[in-house]
Amino acid sequence: MATTAVATGAVRDISDTSGPPRRPFHIGRLLAWIFMILVILASLFPFYWMLRTALSSNNALYAGSDSLLPVDPSLGGFQRVFGLQTGQEALDAGGAGQPIDFWHYLANSVIVATLITAGQVFFSAMAAYAFARLRWKHREKVFGFFLAGLMIPAIFTLLPNFVLIKELGLVDTLLGISLPTMLMTPFAVFFLRQFFLGISREVEEAALVEGASKVRVFFRLILPMSSAPIATLAILTYITSWNEYFWPLMVSYTDRSRVLTVALGVFKSQTPQTGPDWAGLMAATLVAALPMLILFFVFAKRIVNSIGFSGIK
Amino acid sequence: MATVTPVRKRPPDDTKLALLFIAPALIGFVVFMLWPTLRGIWLSFTRFNLLTAPEWIGFDNYVRMVQDPVFWNALKVTVYYVVVNIALQTALALAIAVMMQRLTKRTWLRGIVLTPYLVSNVVAAMIFLWILDYQLGIGNKVIELIGLDRVAFLADSAWVIPTIAVINVWRHVGYTALLIFAGLQTIPESMYEAGRVDGASELTMFRRITLPLLRPILALVLIITVVGSFQVFDTVAITTRGGPVDSSRVLQYYIYDMAFGRFQFGYASAMSVGLLAVLVVITFLQYRLTRASSSDLA
Chain A
1 MATTAVATGA
11 VRDISDTSGP
21 PRRPFHIGRL
31 LAWIFMILVI
41 LASLFPFYWM
51 LRTALSSNNA
61 LYAGSDSLLP
71 VDPSLGGFQR
81 VFGLQTGQEA
91 LDAGGAGQPI
101 DFWHYLANSV
111 IVATLITAGQ
121 VFFSAMAAYA
131 FARLRWKHRE
141 KVFGFFLAGL
151 MIPAIFTLLP
161 NFVLIKELGL
171 VDTLLGISLP
181 TMLMTPFAVF
191 FLRQFFLGIS
201 REVEEAALVE
211 GASKVRVFFR
221 LILPMSSAPI
231 ATLAILTYIT
241 SWNEYFWPLM
251 VSYTDRSRVL
261 TVALGVFKSQ
271 TPQTGPDWAG
281 LMAATLVAAL
291 PMLILFFVFA
301 KRIVNSIGFS
311 GIK
Chain B
1001 MATVTPVRKR
1011 PPDDTKLALL
1021 FIAPALIGFV
1031 VFMLWPTLRG
1041 IWLSFTRFNL
1051 LTAPEWIGFD
1061 NYVRMVQDPV
1071 FWNALKVTVY
1081 YVVVNIALQT
1091 ALALAIAVMM
1101 QRLTKRTWLR
1111 GIVLTPYLVS
1121 NVVAAMIFLW
1131 ILDYQLGIGN
1141 KVIELIGLDR
1151 VAFLADSAWV
1161 IPTIAVINVW
1171 RHVGYTALLI
1181 FAGLQTIPES
1191 MYEAGRVDGA
1201 SELTMFRRIT
1211 LPLLRPILAL
1221 VLIITVVGSF
1231 QVFDTVAITT
1241 RGGPVDSSRV
1251 LQYYIYDMAF
1261 GRFQFGYASA
1271 MSVGLLAVLV
1281 VITFLQYRLT
1291 RASSSDLA
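Respectively, the protein sequence lines represent chains A and B.
Position 30 of the first sequence, counted from 1, bears residue number 30 in our numbering, the numbering being contiguous throughout.
Position 157 of the second sequence, counted from 1, bears residue number 1157 in our numbering, the numbering being contiguous throughout.
Bound conformation, chain A alone:
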């Protein structure tokens, strides 16, 4: 954009190579690019370092801690993380020796994130439709209540919600982790209502005149017509619930309901205090991060463009 903005400037950019610079503008631009390259490096290097360490063998890390490539490349870290090494093998390689199986936690994370996403998006869409299109008493008042919910920081409801989940007998279950955000979030309702309000009423009226019920209009018209924002919301919800730590930490106690974030914390606390199993830890971290990075790679454009002032949480 900046280069196309001023035509004369752009032309001179090309012919300017021999002559002295007219003003420090070019230097500023160069510095700006250097800054951006540093930002890019800072954003990506930690990921590379995680990968590099995960592919090293732990015992070799001590001697080769400043090698930029994997030291004594090995998949040992991943084998420990997926429970493919025996206890003794793991101990010899610098691991904790306790059996650990990240496939199981991966499955738990997938189930929890899927339950939350499917439930939250669908039920919020239904509510959003009622708020946007149906005519009923107290509609604005109830919506006002939902909006007020946006002001309650999630963190405040966690303790009482834990007490509730305990009373429901759902502690240490995947359903217990999912339930509080499975039915709605005020943000999701608000976000979808905005889109539904923007859909032209004419198509809808036409369908109604032809005798379609409002339920049918919702499923056959409104939902398909808002598939883009719904997909965006679903992706964002999936990422958020996948990355959640505090709430699952409260609710899950055993492997039965441990999701990846919590398992990672447990794995970290098990590792030998003197001489941690960094290769194993980084392999586990990679396993926890990779699904979201893949998701991001696939939907990058959609996710990046969703962040604006409608996307504020």
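It is worth saying that the hints were derived from the structure and are not from the lab.
All of these numbers come straight from a predicted model, not from anything done at the bench.
Glycine included, each C-beta is placed from N, C-alpha and C at the ideal position.
What you were told as hints is all true, and nothing was included just to trick you.
Partner residues aside, some chain B positions facing chain A, computed with beta carbon under 10 angstroms:
hint, residue
1, I1027
2, L1038
3, R1039
4, M1099
5, T1115
6, P1116
7, F1128
8, I1131
9, V1173
10, Y1175
11, G1183
12, Q1185
13, S1201
14, A1268
15, S1269
Residues of chain A clear of chain B, computed beta-carbon distances all greater than 10 angstroms:
hint, residue
16, P70
17, D72
18, F78
19, Q88
20, W103
21, H104
22, T114
23, L115
24, E140
25, E202
26, A207
27, R256
Given the coordinates of chain A, work out where chain B should sit on it, guided by the hints.
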């Protein structure tokens, strides 16, 4: 086909259907948001260990809170964290957003900057725990290479909060930058063209055009990030567990420890109410500003 009889006057009321449509969300709202909020406030007036029924003790928890030096320390540590985190993050995010605006608006660049935001706080904490490790961390290797002394980033009480703040800046700065970037898009390009015609430098244009026009959005972003920053927990839980001593015992970690480490749910709830009060004030400001600026791009 227009077999429409004299345009059927639809009943103006969809109450039954609407009830059906909002039922799941309404249940979710009442059971998991409204009720817990009220209950959290109520629990703050009780003694409750999760095993026996809560016992009403009036304002005792609040009296204890005011007299609890660890609470005040936690509040101090949290505010310190928020200040470092927000100052650094906002300055950096603003710089990144402006650079993206002036250099290239390509999606790939925004994608790269956003990447750290896609992984959890736990993942970010784990990676930096390793990078900043005293013995083997590449961070300390580099510091040594420059000729400085190694730093025990997460074990030295003077370093621990700035370090945690930086870790969270790493994860969140891209998101914040994209929010600001979205705000920048509302500034018409013609203003910069006019500035250039007048011979203004990039720096002058930043000071005279970008900053003033961005101020309402910047205020909004600031308030949102401050509210998020106050709730810091994950990074502390993974890296330091509040230590060394209490130097990284942020409020939310103290609350968690009180509830799940010592089973004093009543006192933990009282401190939650304290935190809530702070956050509601900030959120209220945010809400006012959102409506005032009406820059909803939806």
